[in-house]
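When you get a sec, could you build the whole thing from the sequences and use the hints?
Protein chains: 2
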Amino acid sequence: MSDSPISFDPTVVWDRIESLARHGKHGETGVARAVYTPEWRAAVDEVMAWCDSVGLETRLDAVGNVWGVLKGTDPSLKSIVTGSHIDSQLPGGRFDGILGVIGGVFALGALKERYGAPTQTLEVLAFCEEESSRFPNTGFWGSRAITGLTTEADLTNVVSFSGEPIGEVMAAAGFDPARIPEAARTDIEAFVEFHIEQGPLLEAEGLPVGVVSAITGIRHYTVSVTGKSNHAGAFPMDLRLDPMAGAAEMISNVINRANEWGRPAVTTVGRIAADPNFPAIVPERVDFMIDARHPDPAKRLELYAAHEAALQEIAARRGLTIELSNLMEHHPFVCDPALVANFEQAARTVNAPFQTMTSGAVHDTQQMGRIAKGVMLFVRSKDGRSHTPAEYTSPEDAALGIEVLTEGLRTLAYR
Amino acid sequence: MSDSPISFDPTVVWDRIESLARHGKHGETGVARAVYTPEWRAAVDEVMAWCDSVGLETRLDAVGNVWGVLKGTDPSLKSIVTGSHIDSQLPGGRFDGILGVIGGVFALGALKERYGAPTQTLEVLAFCEEESSRFPNTGFWGSRAITGLTTEADLTNVVSFSGEPIGEVMAAAGFDPARIPEAARTDIEAFVEFHIEQGPLLEAEGLPVGVVSAITGIRHYTVSVTGKSNHAGAFPMDLRLDPMAGAAEMISNVINRANEWGRPAVTTVGRIAADPNFPAIVPERVDFMIDARHPDPAKRLELYAAHEAALQEIAARRGLTIELSNLMEHHPFVCDPALVANFEQAARTVNAPFQTMTSGAVHDTQQMGRIAKGVMLFVRSKDGRSHTPAEYTSPEDAALGIEVLTEGLRTLAYR
Chain A
18 MSDSPISFDP
28 TVVWDRIESL
38 ARHGKHGETG
48 VARAVYTPEW
58 RAAVDEVMAW
68 CDSVGLETRL
78 DAVGNVWGVL
88 KGTDPSLKSI
98 VTGSHIDSQL
108 PGGRFDGILG
118 VIGGVFALGA
128 LKERYGAPTQ
138 TLEVLAFCEE
148 ESSRFPNTGF
158 WGSRAITGLT
168 TEADLTNVVS
178 FSGEPIGEVM
188 AAAGFDPARI
198 PEAARTDIEA
208 FVEFHIEQGP
218 LLEAEGLPVG
228 VVSAITGIRH
238 YTVSVTGKSN
248 HAGAFPMDLR
258 LDPMAGAAEM
268 ISNVINRANE
278 WGRPAVTTVG
288 RIAADPNFPA
298 IVPERVDFMI
308 DARHPDPAKR
318 LELYAAHEAA
328 LQEIAARRGL
338 TIELSNLMEH
348 HPFVCDPALV
358 ANFEQAARTV
368 NAPFQTMTSG
378 AVHDTQQMGR
388 IAKGVMLFVR
398 SKDGRSHTPA
408 EYTSPEDAAL
418 GIEVLTEGLR
428 TLAYR
Chain B
18 MSDSPISFDP
28 TVVWDRIESL
38 ARHGKHGETG
48 VARAVYTPEW
58 RAAVDEVMAW
68 CDSVGLETRL
78 DAVGNVWGVL
88 KGTDPSLKSI
98 VTGSHIDSQL
108 PGGRFDGILG
118 VIGGVFALGA
128 LKERYGAPTQ
138 TLEVLAFCEE
148 ESSRFPNTGF
158 WGSRAITGLT
168 TEADLTNVVS
178 FSGEPIGEVM
188 AAAGFDPARI
198 PEAARTDIEA
208 FVEFHIEQGP
218 LLEAEGLPVG
228 VVSAITGIRH
238 YTVSVTGKSN
248 HAGAFPMDLR
258 LDPMAGAAEM
268 ISNVINRANE
278 WGRPAVTTVG
288 RIAADPNFPA
298 IVPERVDFMI
308 DARHPDPAKR
318 LELYAAHEAA
328 LQEIAARRGL
338 TIELSNLMEH
348 HPFVCDPALV
358 ANFEQAARTV
368 NAPFQTMTSG
378 AVHDTQQMGR
388 IAKGVMLFVR
398 SKDGRSHTPA
408 EYTSPEDAAL
418 GIEVLTEGLR
428 TLAYR
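These protein sequence lines map, in sequence, to chains A and B.
Under the numbering used here, the letters of the first sequence match residues 18 to 432, in that order.
Under the numbering used here, the letters of the second sequence match residues 18 to 432, in that order.
A hint or two may mislead.
Any copy, or any two copies together, can satisfy a pair, since identical chains are not distinguished.
Heads up, simulated DSSO-like pairs for lysine-lysine below, C-alpha to C-alpha not over 30 Å straight-line [as the list claims (entries may be wrong)]: (1) 129 with 390; (2) 88 with 390; (3) 399 with 245; (4) 42 with 245; (5) 316 with 245; (6) 316 with 88; (7) 399 with 88; (8) 42 with 95; (9) 88 with 129; (10) 129 with 245.
Derived from the structure by calculation, the hints contain no laboratory data.
Given below as C-alpha cells:
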C-alpha cells in the first residue's frame with residue numbers, strides 16, 4: 018500500500034452534487050427536500066443506486082436511513098461508518114449533509130476498486146433526517162433511531178409544521194413505525210462525518226479542509242419579559258415598566274458577552290415578539306430566544322451562568338418579571354483524539370492544507386457519539402453561507418475533502 | 018350670576034356612563050364600539066335623545082358627528098363647542114372619549130336650565146370616530162370632516178382591517194359619502210375637549226383635574242436594520258453583521274434618551290419583527306417602530322434629530338444598513354392661553370384641585386385647532402390605564418370635571 022493516495026476528479030464530484038440537487042430543486046441553486054416526501058424518496062433511490070453500482074451491500078433501514086456496506090475480512094471487528102444526512106432546509110443548498118453521503122460513496126467505491134475488501138467493515142450511511150425542517154422536534158430522527166433512543170411516544174409527539182404526526186407520515190411513505198427498533202445498531206466502532214463547514218473560518222484562513230476536534234454544545238433559552246402595557250404618550254418614562262427596554266438591554270448584554278469572550282463562544286438572538294405589537298403601546302410582554310454555544314463543557318456552563326445572572330439582574334433592576342426556560346440542550350461532543358490524529362495525518366498525506374478546529378453547528382455525530390467514537394471533516398464554505406440556496410463549496414474543495422476522507426478511512430480499515 | 022357654581026350628582030353621571038357602555042359592551046367593564054356599526058349607531062341615538070331631552074337643537078352631520086346646539090343671543094359671534102368622540106378601542110373602556118360627550122350634554126343642559134340662552138352659541142359635539150380602531154388610517158375621521166380636509170380619495174384609501182373601504186361602509190350605515198363636505202364648519206371660535214387623562218400623572222399628584230396647556234407632537238418612525246443572515250453556531254461573533262445586536266442597541270439608545278430628558282419627552286418601541294425569525298439563525302433584517310413625542314415644537318425636533326443621529330451612528334459603526342422612514346407626524350398643539358386661564362379659574366371657582374399640564378396623547382383638539390382656538394380638560398385615570406376595559410375614573414372625579422367644564426363654558430358664553 019505504498020502507492021499514491023486515491024484522487025477524485027472535481028468535475029465527476031460536481032456532476033454527482035448537481036444530480037442529487039435535482040430532487041427537491043428550488044430555484045437555480047436551492048434544494049428543498051424534507052424527509053418522507055417524494056423528492057426525498059427520489060434522492061434515497063439515487064443514493065442506493067450509486068451504492069449498488071460500486072458493489073456495496075445496499076439496504077434501507079426501518080426509518081429510511083440508507084446503508085452501503087463493504088464487508089471486512091475480520092468479522093470480530095465492529096464497523097467504521099461514514100456519512101451524513103440526505104434531507105435539507107426548506108430551502109437549503111446543494112451541499113449541507115448530502116456532500117458527506119456523496120463523499121462516502123466515492124470513498125468506499127474507490128477503496129473497494131483499488132484495495133478490495135478491508136480488514137474492518139466500512140459502511141456508508143445517509144441519515145434520513147437531520148434538519149428538523151419538516152418536523153420541528155425530530156431531534157435527529159435518523160441517528161436517534163440508530164442509537165436506539167426513538168420512543169413510541171415520538172410517533173405521535175413529533176408533529177410536522179402542518180400538524181401531521183411523524184408516525185402517520187412515515188407509514189404513508191411505506192415505513193412501518195413499529196419496526197423502528199430494528200434500525201438500532203450496537204456494532205459500530207467509529208463514525209466519521211464529512212460536511213461543509215457552514216461558517217467562514219476556513220475561507221478566512223485560506224484553507225480547504227478542517228479536522229474537527231470538538232462539536233459545540235448548545236442551549237436554547239426562551240426568555241419572557243413582562244412589564245406593564247401602557248399608553249405610549251400619556252405614561253411618562255419614569256413610571257414605566259417597559260419590557261421592550263428590558264429586552265433590548267438583555268439582548269445587548271448576552272450578545273456583547275459572547276463578543277467579549279471571543280471565539281469559539283457564540284450567542285444569537287434570532288427570534289423576538291412583542292405583545293401587544295402596536296406602535297403606540299408600551300408592550301406588556303416581550304419574548305425572545307437565546308441560542309448560546311461553546312464546545313468546551315466547563316466554559317459553556319460558565320457562559321450560561323453569566324448570561325442567566327445578567328438577565329435576572331436586569332429584570333430585577335427594572336422591576337420586570339422574567340421567565341427563563343431551557344428549551345433545548347445539546348452537550349458538546351469531544352471527538353476521539355486518535356481519530357482526529359488519523360485524519361490530520363490523512364490531510365498531510367494528500368497534501369490538503371488544513372486546520373484542526375471546533376464545530377459551531379451541531380451534527381448527527383453528536384448522536385452517534387452515544388454508541389461510537391466520532392470525528393468530523395469539514396470543507397470550506399463560500400462566505401460561510403449555509404441553510405440557503407447561496408451555500409457553495411467549490412468542486413476542487415469537495416474533491417479534496419473526499420480525498421482526505423478516503424485516505425483516512427483507508428488507514429483505519431485496511432491493516 | 019353670583020350664585021354658587023352648578024354641581025352634578027356623581028351617581029347621575031355614573032348612570033349615564035353605564036348606560037352608554039351598554040352599546041358595544043365587552044365583558045364586565047369593556048366597550049368595543051367601532052364607527053358605523055349597529056352598536057355605534059345605538060350610542061349615537063342615545064346621545065341625540067339626551068340632547069333632545071334638555072332642549073338642544075340636535076342633528077347628525079354628513080359623516081355621523083352628533084351636534085346639540087344651544088343658540089346664543091348674539092348671532093354675530095362664532096360658536097363655542099365642547100365634546101369628544103363616541104367610538105372606542107376594540108375593546109377599550111367606558112370613559113375614553115364618551116365622557117367628554119356626556120359632560121358636554123350635562124353642561125349645556127344645566128346651563129340652559131339655570132341661565133337660559135347664552136350670549137354666544139354653545140354646542141356639544143360627539144365625533145363619530147377618533148380611535149382608528151376599525152380603519153387604521155382614518156386620521157380623525159370625524160374632526161377631519163369638520164375642518165374640511167376629508168378628500169374623495171379617502172373614501173377608497175381608508176380601508177378597514179377586514180378590507181372594506183370606508184366610503185362603502187358609511188353608505189351601508191346610511192350616510193351619503195358625497196355629502197361629507199357639508200360637515201365642514203368655519204364658524205367655530207373655540208373647542209373645549211373634556212377627556213380622561215389616560216396617564217398616571219394626576220393620580221400621582223393626588224389631583225382630580227388637569228387643565229391642558231399643550232398637546233404633544235408625535236412622530237412614528239419605521240426602522241429597518243439589515244445585516245447578514247448567518248448560522249447561529251458556525252459563524253463567529255467577530256465576523257457577524259447582526260441586525261438584532263444593532264436593533265437592541267438602537268432601542269436602548271432612544272428609550273434611554275427619553276429617560277434622560279425626562280418629562281414630558283417620551284419614546285416607545287412597541288412593535289418589532291425579525292426576518293427570518295428563527296432561534297438558530299442570525300436574522301437578515303430587524304424592523305421596529307419608534308413612537309417619539311414632545312409637546313414643545315422646538316424640543317421635539319431636537320429629540321428627533323438626536324434619535325436619528327444615534328441610529329445612523331450605530332448602524333454605520335456596526336456595518337449595518339438602516340432605512341428610516343417617517344410614517345406618521347402630528348405637530349404639537351399649543352392651547353390658547355386665554356382659554357387655559359379661563360379653565361384654571363373655573364377649577365378654582367368650583368374648588369377642584371388641579372394642575373396645568375401637557376397631554377402625551379393626541380386628540381381631536383389638534384385637528385379642531387386648524388379652524389378654532391382650543392383647550393382640554395383632564396380628569397384623573399386610575400393607574401393611568403386606558404385603551405383597556407380596566408380604564409377607570411371615579412364618579413366623583415367625573416362629576417367634578419363636568420363642574421369645571423360647566424363653569425368654564427359659563428364664563429366664556431354668558432356675558
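Hint check results:
| no. | hint | verdict |
| --- | --- | --- |
| 1 | 129 with 390 | within (24 Å within a copy, 94 Å between copies) |
| 2 | 88 with 390 | within (20 Å within a copy, 95 Å between copies) |
| 3 | 399 with 245 | between (46 Å within a copy, 14 Å between copies) |
| 4 | 42 with 245 | between (48 Å within a copy, 24 Å between copies) |
| 5 | 316 with 245 | between (36 Å within a copy, 28 Å between copies) |
| 6 | 316 with 88 | neither (42 Å within a copy, 81 Å between copies) |
| 7 | 399 with 88 | neither (37 Å within a copy, 80 Å between copies) |
| 8 | 42 with 95 | neither (37 Å within a copy, 73 Å between copies) |
| 9 | 88 with 129 | within (10 Å within a copy, 106 Å between copies) |
| 10 | 129 with 245 | neither (69 Å within a copy, 44 Å between copies) |
Violated hints, in rising order: 6, 7, 8, 10; the structure is consistent with all others.
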